[in-house]
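A.B. asks: Okay, here's what each chain looks like letter by letter:
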Amino acid sequence: DQQVKQNSPSLSVQEGRISILNCDYTNSMFDYFLWYKKYPAEGPTFLISISSIKDKNEDGRFTVFLNKSAKHLSLHIVPSQPGDSAVYFCLGQNFVFGPGTRLSVLP
Amino acid sequence: GAGVSQSPRYKVAKRGQDVALRCDPISGHVSLFWYQQALGQGPEFLTYFQNEAQLDKSGLPSDRFFAERPEGSVSTLKIQRTQQEDSAVYLCASSFSFGTGGLLDQPQHFGDGTRLSIL
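As you go down the protein sequences, you meet chains E and F in turn.
Residue numbers for the first sequence follow the numbering used here, beginning at 7 and rising by one.
Residue numbers for the second sequence follow the numbering used here, beginning at 3 and rising by one.
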């Protein structure tokens, strides 16, 4: 039981547009969530996190939204850039990764 | 400062051989994690340490896998009598602290992994 799931294996977006990556969780005990980005042949890189006391956390082009009633979080990247093309993972506090979502930003 | 360092970057071994993979965490990081990542999958948790104590090894796939962190810094993941299904990227991560109740409250910082190929 992963407890945190990403249901879209891939996403393609035009450069300059918004990318929205989604994640659902089942464990109501989680109060801290993280997003990681992974390029091929590299380890995952921490991107942004959110604590359940907030419903939004922003860092430059990256914003994470948390909807506790729906047990849903999303990562918004705007504007998307070709360098954002990578696999994105969301994590709950049990440090279990799902398969991730592969984002392709097209020039 | 230096990030998490893993060595070797690539390791090729014959089936049945023993291998040892090393992880140098970020200095001062209390917690250290090992993951196994198969092609096309997300990283799968193997084990974690808080200082020198191995607090969870529930993800180790068999008793051929053994991890240690004797002085609370460098860690070694050892795989005995390797099998072809052990071929994967092995990732190490460290974090400054660890939350209560076995739950993360800080980001993990990952190394670039060791790609293990068993022939």
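Please note: incorrect hints may appear among the correct ones.
[To be verified] Quick list of in silico lysine to aspartate or glutamate cross-link-like pairs, EDC-like style, CA-CA up to 20 Å: (1) F/Lys13 to E/Glu48; (2) E/Lys60 to F/Glu46; (3) F/Lys16 to F/Glu70; (4) E/Lys62 to E/Glu21; (5) F/Lys80 to F/Glu46; (6) E/Lys11 to E/Asp37; (7) E/Lys77 to E/Asp61; (8) E/Lys11 to F/Glu87; (9) E/Lys62 to F/Glu70; (10) E/Lys77 to F/Glu70; (11) E/Lys74 to E/Asp37; (12) F/Lys16 to F/Asp26; (13) E/Lys77 to E/Glu48; (14) E/Lys74 to F/Glu70.
These are computed hints drawn from the structure, not numbers from a lab.
A.B. asks: Next, verify each hint and record whether it holds.
C.D. replies: Results of checking the hints against the structure:
1. F/Lys13 to E/Glu48: holds, 16 Å
2. E/Lys60 to F/Glu46: violated, 28 Å
3. F/Lys16 to F/Glu70: Cα-Cα ~23 Å, so violated.
4. E/Lys62 to E/Glu21: Distance of about 24 Å is beyond 20 Å: violated.
5. F/Lys80 to F/Glu46: Cα-Cα ~17 Å, so holds.
6. E/Lys11 to E/Asp37: holds, 16 Å
7. E/Lys77 to E/Asp61: Satisfied, since the Cα-Cα distance of roughly 11 Å is no more than 20 Å.
8. E/Lys11 to F/Glu87: With a Cα-Cα distance of about 25 Å, the restraint between E/Lys11 and F/Glu87 is violated, given a limit of 20 Å.
9. E/Lys62 to F/Glu70: violated, 39 Å
10. E/Lys77 to F/Glu70: violated, 37 Å
11. E/Lys74 to E/Asp37: It holds: about 9 Å lies between the C-alpha atoms, which stays within 20 Å.
12. F/Lys16 to F/Asp26: With a Cα-Cα distance of about 25 Å, the restraint between F/Lys16 and F/Asp26 is violated, given a limit of 20 Å.
13. E/Lys77 to E/Glu48: violated, 30 Å
14. E/Lys74 to F/Glu70: Violated, at about 38 Å.
Checked against the numbered hints given earlier, the structure breaks hints 2, 3, 4, 8, 9, 10, 12, 13 and 14 and satisfies all the rest.
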